[in-house]
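Novice: Residue numbers (the numbering used here), protein chains in the order written: chain A, 1 to 100; chain B, 101 to 586.
Just so you know, the hints here were simulated from the structure itself, not pulled from any lab data. A few of these clues could be false.
In silico EDC-like links for lysine to aspartate or glutamate, alpha-carbon gap of 20 Å or less [said to hold, decoys possible]:
#1 A:Lys93 x B:Asp422
#2 A:Lys93 x B:Asp438
#3 A:Lys93 x A:Asp67
#4 A:Lys93 x B:Glu434
#5 A:Lys93 x A:Glu81
For the chain B half of the interface with chain A, some residues (derived, Cβ under 7 Å), not all of them [unchecked claim]:
#6 Pro199
#7 Tyr292
#8 Asn432
#9 Ala433
#10 Leu436
#11 Tyr440
#12 Arg442
#13 Gln477
#14 Arg511
#15 Leu512
#16 Pro515
#17 Gln517
Residues from chain B shown here face chain A by an in silico Cβ test under 8 Å; the list is partial [to be verified]:
#18 Tyr196
#19 Gly293
#20 Ile358
#21 Gln375
#22 Met439
#23 Ile456
#24 Tyr468
Glycine is no exception: its CB is placed at the ideal position from the N, C-alpha and C atoms.
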Amino acid sequence: MSSEFTPDDLRHLARLARLELTAEELTLFSRQLSEFLAYAEQVQNIDTEGVPPTSHPTASTGALRDDERRPSLPRDAALAEAPDADRSAGLFKVPRVLGS
Amino acid sequence: MTFEGARAITEAIRSGQTSAVEVCRASLRRLEATDAAVHAFLAVDGDAALQSAAGLDARRDDWARLPLLGVPVGLKDNLCARGLPTTAASRILESYEPPYDATVVERLVRAGAVVIGKTNCDEFAMGSSTENSAFGATRNPWALDRTPGGSSGGSAAAVAARVVALAFGSDTGGSIRQPAAMCGVVGLKPTYGRVSRYGLLAFGSSLDQIGPLATSVADAALALQIIAGPDDRDATCSPSAVPDYVEALTGDVRDLRIGVPRDHLATGLDSEVAQSFDRAVDVLRREGAVIQDISLPYSGSAIPVYYLVATAEASSNLARYDGVRYGYRAANAESLGDMYDRTRDQGFGPEVKRRIMLGTYVLSSGYYEAYYRKAQQVRTLIRRDYEAALAQVDLIAVPTSPTPAFRLGERLDDPLQMYLADVFTVGANLAGLPAVSVPCGLTDDRLPIGFQLTGRSMDEATVLRAADAFERATRFSRLQPHLSTS
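Go ahead and model the full structure; you've got the sequences and the hints to work with.
Specialist: Okay, here's the thing in structure tokens:
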């Protein structure tokens with residue numbers, strides 16, 4: 001596959017990643033990311049037939065605990081850092097969703 | 101009166117030579133004298149620190165239970181600690197104050213440590229020079245025109261400048277060890293799962309570990325003793341018991357076999373680093389360890405594999421910074437989507453954006469198999485390399501960084517050049533193994549050089565034992581920068 005990023009490729013990714021990039025950023029990043037991908041091409045040539053992927057380097061799969069209720073973050077603390085919140089209703093406020 | 105290191109401080113307080121308040125005052129004075137030039141710290145609350153210290157002085161009855169009694173510490177700014185902002189050196193969290201403490205912070209404070217402040221780092225721990233901080237670069241105390249390394253550059257500089265006896269950082273691809281090497285201090289990355297990540301702002305969840313930076317291996321061992329251990333708030337934190345790391349420092353390495361992967365060392369190694377490394381290996385040989393050549397055939401792929409996996413994980417982890425619940429929110433957004441896009445574009449710096457974009461690409465439909473899954477498979481091959489080597493030897497020795505500290509601005513235009521700084525450190529993160537960087541020399545320009553020992557999973561005791569034996573036989577950890585104080 002092509003290891004070249006065009007500004008259009010980048011625009012698509014930026015949409016996916018929820019980033020609004022400037023024209024300068026689009027140009028600069030296209031070049032820098034293309035360079036990285038060209039360098040990373042070498043990974044494609046490695047024979048990995050039958051090799052399982054590693055998603056994390058531990059043997060354990062994470063212990064489960066009993067489903068017992070424990071104290072957690074108080075609601076006011078959770079809302080305390082919100083840029084906009086309705087504290088009495090216990091809600092975070094955001095701009096209109098529809099038409100996004 | 102100044103005391104070198106955490107243990108000396110606790111002993112001096114216990115014996116009545118000084119008090120926690122006096123030690124704290126000295127730390128704050130030292131900060132004031134050095135930090136205008138070094139910029140290791142982002143947030144400091146001197147009054148709160150003095151209050152904690154006073155509280156400790158008043159609790160004599162508890163002193164025996166406080167292994168870090170009165171020790172001033174610095175915390176990398178991606179570790180949540182109440183009472184100060186936790187910004188991850190990013191504008192997107194510029195005034196964020198977390199409502200909880202990281203597990204590591206809780207344990208340190210419970211052990212009697214005094215938090216002096218939050219240290220500077222590359223934004224969201226992404227970088228190798230601390231130049232990606234949104235709040236200005238930190239300078240290397242050994243040479244103020246050079247970087248301290250990264251991403252835990254502030255923590256490394258704070259210890260090197262002797263503002264704090266201990267500092268804590270995070271290491272995803274070398275971010276504790278590389279700055280430790282560049283600043284002439286000890287830096288330890290524990291085995292993945294040895295230390296709880298609860299309260300660490302996540303970058304690469306399968307790679308991140310919190311660890312100490314210190315002026316001696318013995319202090320690093322003491323620090324690890326405090327922070328290591330089970331935590332059911334982190335599902336990846338191992339439930340296994342913590343051995344006594346301090347007792348493990350017997351000074352004896354005659355039973356140890358140490359492997360050197362000679363073919364891996366051919367990569368762009370500065371000649372002074374190479375010489376210093378060879379001398380370090382000789383020291384261990386003279387101390388009685390058996391040195392042998394080993395091979396890590398896939399080590400040449402470690403950097404691209406790391407950057408494919410880490411950026412993929414980062415793109416997912418950083419999705420939470422969206423202006424909704426905390427942190428920066430862009431003004432005048434017309435819709436929710438618009439708010440997300442503008443908040444993230446305005447709040448994140450260029451390196452963070454680059455990595456999010458790369459990670460998004462690597463995980464995207466049509467490319468996932470070719471890039472992400474492939475990288476995960478090669479990660480398995482890299483892990484197997486280490487397992488095979490560590491079946492023949494107890495430890496693997498390499499230089500920590502291919503070069504000493506580079507100049508500020510030198511690599512900013514070439515991200516790929518910057519990534520290559522991690523060539524000797526990413527392997528331990530990919531394989532989840534413990535690794536320590538120990539000072540092993542100075543260049544002719546008086547810049548620190550470090551070398552690294554990597555061990556078996558959960559075998560920090562052996563890693564620290566060998567590092568400590570090396571330190572006792574040499575004097576490099578005791579060297580300090582000549583920092584002119586204002």
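Novice: Evaluate each hint against the coordinates.
Specialist: Results for each hint:
{"no.": "1", "hint": "A:Lys93 x B:Asp422", "result": "13 Å, holds"}
{"no.": "2", "hint": "A:Lys93 x B:Asp438", "result": "15 Å, holds"}
{"no.": "3", "hint": "A:Lys93 x A:Asp67", "result": "31 Å, violated"}
{"no.": "4", "hint": "A:Lys93 x B:Glu434", "result": "14 Å, holds"}
{"no.": "5", "hint": "A:Lys93 x A:Glu81", "result": "12 Å, holds"}
{"no.": "6", "hint": "Pro199", "result": "4 Å, holds"}
{"no.": "7", "hint": "Tyr292", "result": "5 Å, holds"}
{"no.": "8", "hint": "Asn432", "result": "9 Å, violated"}
{"no.": "9", "hint": "Ala433", "result": "5 Å, holds"}
{"no.": "10", "hint": "Leu436", "result": "5 Å, holds"}
{"no.": "11", "hint": "Tyr440", "result": "4 Å, holds"}
{"no.": "12", "hint": "Arg442", "result": "6 Å, holds"}
{"no.": "13", "hint": "Gln477", "result": "4 Å, holds"}
{"no.": "14", "hint": "Arg511", "result": "13 Å, violated"}
{"no.": "15", "hint": "Leu512", "result": "11 Å, violated"}
{"no.": "16", "hint": "Pro515", "result": "5 Å, holds"}
{"no.": "17", "hint": "Gln517", "result": "10 Å, violated"}
{"no.": "18", "hint": "Tyr196", "result": "6 Å, holds"}
{"no.": "19", "hint": "Gly293", "result": "5 Å, holds"}
{"no.": "20", "hint": "Ile358", "result": "22 Å, violated"}
{"no.": "21", "hint": "Gln375", "result": "29 Å, violated"}
{"no.": "22", "hint": "Met439", "result": "5 Å, holds"}
{"no.": "23", "hint": "Ile456", "result": "5 Å, holds"}
{"no.": "24", "hint": "Tyr468", "result": "11 Å, violated"}
Consistency note: the structure conflicts with the earlier hints numbered 3, 8, 14, 15, 17, 20, 21, 24.
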